[in-house]
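**Student:** Residue-level listing of the chains:
There are 2 protein chains.
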Amino acid sequence: MTTEQAFNLNCPLPIGQYEHATLAHGGGGRLMQQLLERLIRPAFDNRWLDQRHDSTVLDIGGSRLAFTTDGYVVKPLFFPGGDIGKLAVCGTLNDLAMSGAKPLFLSASLIIEEGFPFADLQRILHSMGETARAAGVAIVTGDTKVVENGKGDGLYIVTSGIGSIEHRMTIGPSSIAAGDDILVTGDIGRHGVAIISEREGLRFETSIASDCADLSGLVAELLAAGCELHCLRDLTRGGLASAVLELARDAQLSIELDEAAIPVLPQVSAACEMLGFDPLYVANEGQMTLFVPPPETERVLALLHQHSLGRRAAKIGSVTSHGEARVELRNAFGIKRVLDLLSGEQLPRIC
Amino acid sequence: MTTEQAFNLNCPLPIGQYEHATLAHGGGGRLMQQLLERLIRPAFDNRWLDQRHDSTVLDIGGSRLAFTTDGYVVKPLFFPGGDIGKLAVCGTLNDLAMSGAKPLFLSASLIIEEGFPFADLQRILHSMGETARAAGVAIVTGDTKVVENGKGDGLYIVTSGIGSIEHRMTIGPSSIAAGDDILVTGDIGRHGVAIISEREGLRFETSIASDCADLSGLVAELLAAGCELHCLRDLTRGGLASAVLELARDAQLSIELDEAAIPVLPQVSAACEMLGFDPLYVANEGQMTLFVPPPETERVLALLHQHSLGRRAAKIGSVTSHGEARVELRNAFGIKRVLDLLSGEQLPRIC
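First to last, the sequence lines map onto chains A and B.
If you're matching positions, the first sequence starts at 1 in this note's numbering and goes up one per residue.
If you're matching positions, the second sequence starts at 1 in this note's numbering and goes up one per residue.
Just so you know, these hints were derived from the structure itself, not from any lab.
Idealized CB from N, CA, C, for every residue including glycine.
Errors might be hidden in some of the hints.
[Unchecked claim] Simulated pairs of lysine-lysine, DSBU-like, Cα-Cα distance not exceeding 30 Å:
(1) 315(B) x 102(B)
(2) 315(B) x 336(B)
(3) 315(A) x 336(A)
(4) 75(A) x 151(A)
(5) 315(B) x 75(A)
(6) 75(A) x 75(B)
(7) 151(A) x 102(B)
(8) 151(B) x 75(B)
(9) 315(A) x 102(A)
(10) 102(A) x 336(B)
(11) 75(B) x 151(A)
[What the hints assert, rightly or not] Reference listing, derived: stretches of chain A covered by chain B, where coverage requires no fewer than 3 residues with Cβ under 8 Å from a Cβ of chain B:
(12) 64–75
(13) 126–132
(14) 189–197
(15) 262–271
[To be verified] Computed, partial: chain B to chain A, Cβ under 7 Å:
(16) 23
(17) 68
(18) 109
(19) 254
Isolated chain A (complex conformation) (with noise of 0.2 Å):
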C-alpha cells in the first residue's frame, strides 16, 4: 500500500459502491466499516452503539456489565492451536475483557449444516465447555438450527457474553490521551498464519499453531494490580493494523507506530513473505494492544511480561496527537508510511 492509495479517514464514506455484499464486507476492513456506518448502525440507532467498542457497557440495576455478541465462520473448523469452539469462547471472553470487564456467562447458538459429523460437533462442544471452564466462566443458554446440506458450511457458532466491570475506569477509545503509550501482548500474525497453511495444505520449516487464548485471566492481573489503562483492542480480523486504524478513526487520534519494535516470529515473517500478506493486517486470536498513560508503561510491561500471554509484550508506538485520524508506521531507518484499512481482509473467513 501506498500513501496515494490511502483512505482519508475523515471523509464521509462513498455510497452505493456495491449492490450486493461480498467476502470482504465481513472481513474488518474498510468495506465492513461502511456496512457498519451506513445499513447497521441507522437502524439500530441508539447511544450505547457510539461506545464503538468490543463490548458495550451497559448499566443495569446499578451494576456495571458489558455485554458482547460475536459470530465465528472459520474455515477449517480445526486448526493448529484450536478450533472454532475455542475461538468461538475465547473471541467473546476477550470482547468482554476490552472493557475491562470479568467474563460472567456466555450463550452459545449453532448453525449446523446438514450431515455434519457428530464426533466433530461434540470435540467442538468439548472445546467449547473446557474453554469456558478454564476461565470460570458458564455457557448458560443456547440454541442449535440445523440447515440443508449446501447452505452452511459444517458448522457456525455464534458466542454472546456478558460480564461484570469491577472498576471505575472507562476502558475504550473516548478514554485515550494525546501522549498514551501503545502496547501489544506479543509477536502478531500466526493465526492467520495457521489458517491458511491449514487451509491450503501448507508446510512450513517449523509448524505455526495459532495464538488462539483467553486474555481475560491477564487483564484481570492488569486490573488487580491498580493498572491505569485507557483502553484495550484485541487484535481479530484485519490484525493490528486494522485495530488502530479502526481506534484512530472512531477516536480521531494520530498514531505513531515503529515497525521494529513489533514482535513477529521469523516463521511468521517468512511465511507472510512467500504467501504476499502484510504480518500487520494478518489476524490473531490472542494478542492485544493496551492504550497506556507514559507513567504506568513500565509497570504494565512488566506485568506482562511475567504472564504466559504477554512474554513478548512490547511498546510498540504512541498516541501523538488528538483531532485527525491518521496512522504512521516508522521504519527503521525512520522513513514514515501512512497506513490504511485494506478494503477487506487478506484471508477471508479467518475467525
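With chain A fixed as given, assemble chain B onto it according to the hints.
**Tutor:** Chain B only, in chain A's frame:
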C-alpha cells in the same frame, strides 16, 4: 400418531442412531432433544442449564437478569406478517418475557452470504430496529460475517438478549404445580402455514399471515396486575404440542389438553388438512401458553382478552398430576390420545 408409537418420556434417550446431523435435529422435536441431552448439556455442564427454560435467570450484582440467545434461519426471509429481522427480535424478546423478564438490551450477529442484496439487508435491519424500538429495547452490540456463495442462504441472524426480572416469582418449569390451568394466548399454527404457503407458492382462499409478535408487553401487563404466573412458554418450532410435551418431560407432569378448546382459525385448519399437517405441531411466533393456579385463571384470561395479542385466549387444559411425564389430548367425544414429540419439525427452517 398412535399411542403405539408413543415415546416414553421417562426412558433414557436411545444412543447412536445417527452419526451426522439431519434437518430433524434442528426441528424442536425428539431428535433435537437427544442432541441437547447427549452432546450439548454434557459438554457445557452447569447448574444454570438445569433451569431448562427459554431464557436463563442469573444473579448478577444483586439483580436478577434473564439471558437468552436464538439463531434464525427462516426460509424465505420475507413472508406474510414479517421477515427474518422482525422474527429475530420478537423471538428473543419473547424468550426473555417467558421468564417474566423485562427485555432491556439485544445483540445481533449477522452471517451474510456473499451476493446477498444490500437492499434486502437494509429492509431487514430496518425491521429489526423498528421492532426493537417498539418494544423499548436497544440493539447495543453486534457482529457481521460474510461467507462464500453456497455456504449460507442469504442471511442468518443470531440475537441474544438481556432482561431484568422485577418481581419475586420464579416463572419456569420448576414452578408448575398439579392442578394448574393451562391457557393459550390465541389461535395456533399461523406462522407455519404462512411460511409454507410463501415457500411453496401456495395460495389459500384467505391469506394467512404469520402471527410473529413481541409478547413482552402482554407479559408486562400481567405482571403489573400482580397475576401469579407459574410458567410461560412461547410456541415456536414444534408448535403447542411440543412446548407442552417439553414442559411435561422437564417438570415430570401429567397434562390433559382439551382439543375443542384449542383455538385454530378455520383457514389454518383447512390449510393444515390440505398439507397433511397437525396444527398442534405447527409453529407459532406470537403465541404462548401459560400455567396458572386456578384461582388466577379468570383474571388472567380477562386481561389477555383486553390485549390485542390475547383476544382469542382460552383455557385449553390442566396439569392433572406431578410425577409422570404424559400429555393426553381429549377430543370432543371425550376420547383421549397420548401426544408425543415428533422426531423433527414438519417444516424445516421455520424460524
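**Student:** Regarding the pair residue 315(B) and residue 75(A), is the alpha-carbon distance no greater than 30 Å?
**Tutor:** Violated, at about 50 Å.
**Student:** Let me know if the C-beta of residue 68(B) comes in closer than 7 Å to any C-beta of chain A, holds or violated.
**Tutor:** It holds, given that the least Cβ distance between residue 68(B) and chain A is near 5 Å, below 7 Å.
**Student:** Close enough to count: is the Cβ of residue 254(B) nearer than 7 Å to one in chain A?
**Tutor:** Check failed: Cβ of residue 254(B) comes no nearer than 28 Å to chain A, outside 7 Å.
**Student:** Quick check: do three or more residues in the segment 64–75 of chain A have a beta carbon closer than 8 Å to a beta carbon of chain B?
**Tutor:** holds (count 8)
**Student:** Test coverage of the segment 262–271 of chain A by chain B using CB-CB distances below 8 Å; three residues minimum.
**Tutor:** With 0 residues close enough to chain B, the hint is violated.
**Student:** Checking one constraint from the list: CA of residue 102(A) to CA of residue 336(B), max 30 Å. Satisfied?
**Tutor:** violated (53 Å)
**Student:** May I ask you to test the interface hint for residue 109(B) with respect to chain A, counting a Cβ-Cβ separation under 7 Å as satisfied?
**Tutor:** Given a least distance of 4 Å, the restraint on residue 109(B) holds.
**Student:** Holds or violated: residue 151(A) and residue 102(B), Cα atoms, limit 30 Å.
**Tutor:** violated (35 Å)
**Student:** Would the hint linking residue 315(A) and residue 102(A) be met if the CA-CA limit is 30 Å?
**Tutor:** holds (25 Å)
**Student:** Going straight from one Cα to the other, do residue 151(B) and residue 75(B) come out at no more than 30 Å?
**Tutor:** Satisfied, since the Cα-Cα distance of roughly 15 Å is no more than 30 Å.
**Student:** Going straight from one Cα to the other, do residue 315(B) and residue 102(B) come out at no more than 30 Å?
**Tutor:** Judged against 30 Å, a Cα distance of about 25 Å means the pair holds.
**Student:** Is residue 75(A) close enough to residue 151(A), meaning Cα to Cα at most 30 Å?
**Tutor:** Cα-Cα ~15 Å, so holds.
When held up to the earlier numbered hints, the structure conflicts with 5, 7, 10, 14, 15 and 19 and fits the remainder.
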